[in-house]
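Student: Chains as they are written, first to last, in our numbering: chain G, 1 to 399; chain F, 1001 to 1524; chain V, 2001 to 2161.
Honestly, I wouldn't trust all of these hints.
[Said to hold, decoys possible] Cross-link-like lysine-lysine pairs, in silico, DSSO-like; alpha carbons within 30 Å at most:
| hint | chain 1 | residue 1 | chain 2 | residue 2 |
| --- | --- | --- | --- | --- |
| 1 | G | K226 | G | K278 |
| 2 | V | K2036 | G | K228 |
| 3 | F | K1498 | V | K2003 |
| 4 | V | K2036 | G | K354 |
| 5 | G | K285 | V | K2036 |
| 6 | G | K226 | V | K2036 |
| 7 | G | K283 | V | K2036 |
[Said to hold, decoys possible] Some chain F residues near chain V, calculated using beta-carbon distances under 8 Å:
| hint | residue |
| --- | --- |
| 8 | L1438 |
| 9 | L1441 |
| 10 | L1445 |
| 11 | L1448 |
| 12 | L1449 |
| 13 | L1451 |
| 14 | T1452 |
| 15 | A1455 |
| 16 | T1456 |
| 17 | P1463 |
| 18 | L1465 |
| 19 | I1468 |
| 20 | A1469 |
| 21 | P1470 |
| 22 | M1471 |
[To be verified] Distance windows between CB atoms, simulated:
| hint | chain 1 | residue 1 | chain 2 | residue 2 | range |
| --- | --- | --- | --- | --- | --- |
| 23 | V | C2129 | F | R1175 | 51 to 61 Å |
| 24 | G | R350 | V | G2078 | 49 to 59 Å |
| 25 | F | S1153 | G | I4 | 41 to 51 Å |
| 26 | G | I80 | V | A2029 | 33 to 43 Å |
| 27 | G | A351 | V | K2067 | 49 to 59 Å |
| 28 | G | N246 | V | H2033 | 26 to 36 Å |
| 29 | V | F2091 | G | I12 | 22 to 32 Å |
| 30 | G | I80 | V | I2024 | 37 to 47 Å |
| 31 | V | V2069 | F | S1153 | 57 to 67 Å |
| 32 | F | P1240 | V | A2029 | 48 to 58 Å |
| 33 | V | M2152 | G | K327 | 47 to 57 Å |
None of these hints come from the bench; they were simulated from the model.
Since the structure is predicted, the reported quantities are computational estimates derived from the model, not experimental observations.
Don't be surprised by glycine CBs; every beta carbon is placed ideally from N, CA and C.
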Amino acid sequence: MNWIKRWKQAFIFLLVGIHFLILSGCWDRTELNDLALVTGIGIDQKGKYVMLTGQLVVPKQLGAGTAMSGSNIGGGGATIVLSGTGRTIADAIANLQEKLPRRIFWGHVKAIVFGEKAAKAGIRQHLDFLSRQPQTRLRSNVLIASGTAKSVLELLPPIEQSSAEVLRELSKSQILLNVTLKDALQMLSSDTGAAAFPMVKRLPLEKGKKELETIAFIQRTAIFKKDKMIGSIDDKLTRGVLWIRNEIKQANITVSIKGTKGKITATIIRAHAELIPKYEKGKWKMIVNITSEDDILLNGTNLSLYNEKHLHMLEKELAHTATARVKAALQKVQKEMNADIFGFADEFHRAYPKEWNRVKDRWDDIFPTVEVVVKTKAYVRRPGMNAAPQGFPEQEVKK
Amino acid sequence: MRFFKKNSAQNLHIEHQHEQLHVLSFDLKQNMQVLQNVYDNCMDVVFHSFQIGGTTNAALIYIDGFVNIEELDSVVLPSLMKHPFSNISIDIDRLLEQTLTVSKTKKIQTIAECIEHISSGSAVLLIDSQNKAFALGISKWEKRSIEEPTGESTIRGPREGFTESLGTNLSLLRRKIKSPQLKMKTMKIGTYTQTEVAISYIEEIASPTLLEEVEARLHRINIDGILETSYIEELIEDNPYSPFPQVLNTERPDVVAANLLEGRVAILQDGTPFVIIVPVSFYSLLQSSEDYYHRSLIGTAIRWLRYLFLFISLLLPSLYVAILTFHQEMVPTSLLFTMSASRELIPFPALVEALMMEIVFEALREAGVRLPKQAGAAVSIVGALVIGQAAVQAGIVSAPMIMVVALTGIASFTIPRYAAGIALRMLRFPMIFLAGSLGLLGIMLGILLILTHMATLRSFGVPYLSPIAPMQGREMKDVLIRVPLWKRNTRPRLTGTKNITRQSPEQKPNPLDGDDKMEKGGGA
Amino acid sequence: MEKGKISAVQMGIIMHPAITATAILLVPAITAHDAKQDMWISPFWASLVGFLTVYIAVQLHNRYPQKTVIEYSEQIVGKFLGKIVSFIFLFFYLHVTGIIVREYGEFIVGNFFVRTPLIFVMGSMIFVCAFAVRGGVEIIGRLSELIVPIVMTIILFLLFC
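Just chain G, same shape as in the assembly (with noise of 0.2 Å):
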């Protein structure tokens, strides 16, 4: 009686497939019309309540895809934001939840904004609660509006399909500060107890356009002390304290050159920055090294960068350049803040772990008092395809 068996087992076969099938309808399966995605989270605080703004994409405005709706295409109303109000992240998100026909999908949020207020009452709750989330991604971006968060989200920016989107792309482009979720809890969870994000504000309506047809940009950079902000500190200090924390990516630097009228315009190919610890007899002191290669944009002088001693002597006046910028951002950071978003603890503690061990607790006395030593080498490899400044008669050109 073989086939009897055989045929018993093709018969429990064929009912465990179809309880796949009819059991496939609960759980975790959720189809793309039921979902809302959302784009950006703004986050702000309203007295005692968290307000919990996401922004939504509308599929229907999109335009793409379907040949029927077709008459849609273009940016504007792509997405909406909604918001909801609790006493935590997670109560904001259910009351969200609520007004919404679809469930919310957090899987591709890329940027969360933290609104100025909310970001001064302490951000460490709300990490925890989109770090702990399994659909958020890590690599998101983490800004902070100055205003509210809701005021950047709802922005319907005329190039990019949602302002999350702008925001995303201005970070990623590193000219100030690039703070994801993952380096937010680094830097927050280090020995420093100091971070640092990208503080973003909105563009001001050109004239002729509807409201809300502008872009938030990156303008400053919100300093933290453990998960509060203390201040901020604008572009050009920014650009200071990128130097130290060897993240400068892209900058220009303008200097002019003593005896010769007019300025020169180089940008920074590649530029290192290497921080050496001392302790010593007590004393803390920090080493910052930094090495730059530098291009030429623009030579306003009539000097010849042919010539190896005016490039010597540009070389020097942009390492100087650079040193000041330095300086005035640790002026402010450190004297001023007594923030350390430039990771001293960390460098100090893996050089001289005993040491450390020691004033750990003391490190916001220590910190201000600690001794920057700022040293600065450009290098410009070659001078761009002009040696001789453009637009002179050959013999004003000094060569």
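Chains F and V: place on chain G using the hints.
Tutor: Chains F and V only, in chain G's frame:
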């Protein structure tokens, strides 16, 4: 030797049905009577009575259309009828040697043999007062000329394909491998069809255990008839429930020759151009003869392309379903937005959508194969229009789904062996179900199940996934890459390691050697 | 007793995935908790134990060739104690397999299929495993040879990219 036993056993079977099939008697009339009884109601059998030399009664029995009538009329009959001897009964052998100008003659003793030869296209000569007959091999029947195999066309390579005639096929094979080491054993299978089947191998290369196994399995077949080698395939394969083909079928003589040179055994059958080759591994089903005719680098690249598309043909629809319903975070953001926009008005879940479109695609493919060529074009136009555009515009399926189906279809056609391709195409339906119920986890489980099944399979003792699992490092030269010919020094180990060396090593072409010689020659 | 034969390479490859799951999913969290930034050293110390285990196993095999652990443990420590040792062995394998299946289930449910019942995820995996086991040890060997290189490639790819 075993076949002959088997043959006679089959003949006995026939004897059983027609009880008076014994040895031929001396009486021509009686012999004729017996044969006429056997061929009762067979209007295509011709009984032609005549006299040899005007004295001795004789008869020619043949099947009309099987025998070259012209030769019979112009050569055989005149030479016999004008025979000068009066008493041929003594000189029967001389009759054959001197008079009959037919090269392929055979003396036969029994009625059963008579029937066998008549059936296979010989004319049987019965002579009065002789207890033997002569089979004159002047068979000739309508056959197709040698054409390019349409199922396995190549850009470079021989253009000839097997035909329905076993004799032609064997001669095609012999033209490729001229050594007498190429053996062809024949046997008959099928009680009624009496189909001739040939086992072909190269004596010095094929392992004897493999050959024994093939013969044993063929002898085990006892069936009323076989019409195609697929009948044999089904009756000798290792795992009859598996969706995967466990033999290789081809209609190209060069493919058969190449496989024989690797120590495999080919089974040819009269009446079909398809030859089956055993044993095979899964990877050999993914290889085309053209891989070897192109440069080795390009052959390797094409092979990898095929491996990639193998996965696409099996997994793409299920991946689409899984990602769209379970793992939306895996799609690049802007693509997801586009997808969600195109899916916005679709009433069905992704699972249903995928199943629907895949089934429609399979139906279209099937219709295209079955229909006559003229209607086939119409079907493909309708298919392209209906599925491609109208379905999207009508809001029944989304545009990305069309892409997925089309890509899957193309992918499945990149697999050179149709049987392997269709196995994977059918397996993608359970995969879609698994993806729809468990997402990527389901796909992973499905892949594991398929792999486990494939690892269990064997084809004539050779593990189906060899040489990768079990791993045989050296054999992978023909799986992961296509090594240059000058490096392919050993044959694959199938069931044995008989005669493993293929060629002399170090045949890498090196022009410098020649230069040296030329220089030396010039110096001297 | 099953008659399947596997090669030494297959044996090695089979053992690999048995610990990979634990080593990737579970161990880092534990070692990181205690070792912090010196975590990378811990595998070196841990491997000493592994080498010792392999050494003992090889020596035992040399002394009692062609015998299973259960057979020679009875010879070494006597019938009664040997039975206990073999019981512990069998129980250990049951235990370890349980742990691995649970790790796998927790990982899947914790990260992707939040609402799917754990038993379903684990059950489906056990079903696949049972299917492979039914084929015998040779099949498991072949499967490992097929899958482990792919998994290793993916892990290395993730590590270095």
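Student: Hint numbers the structure violates, sorted upward?
Tutor: Per hint list: zero violations.
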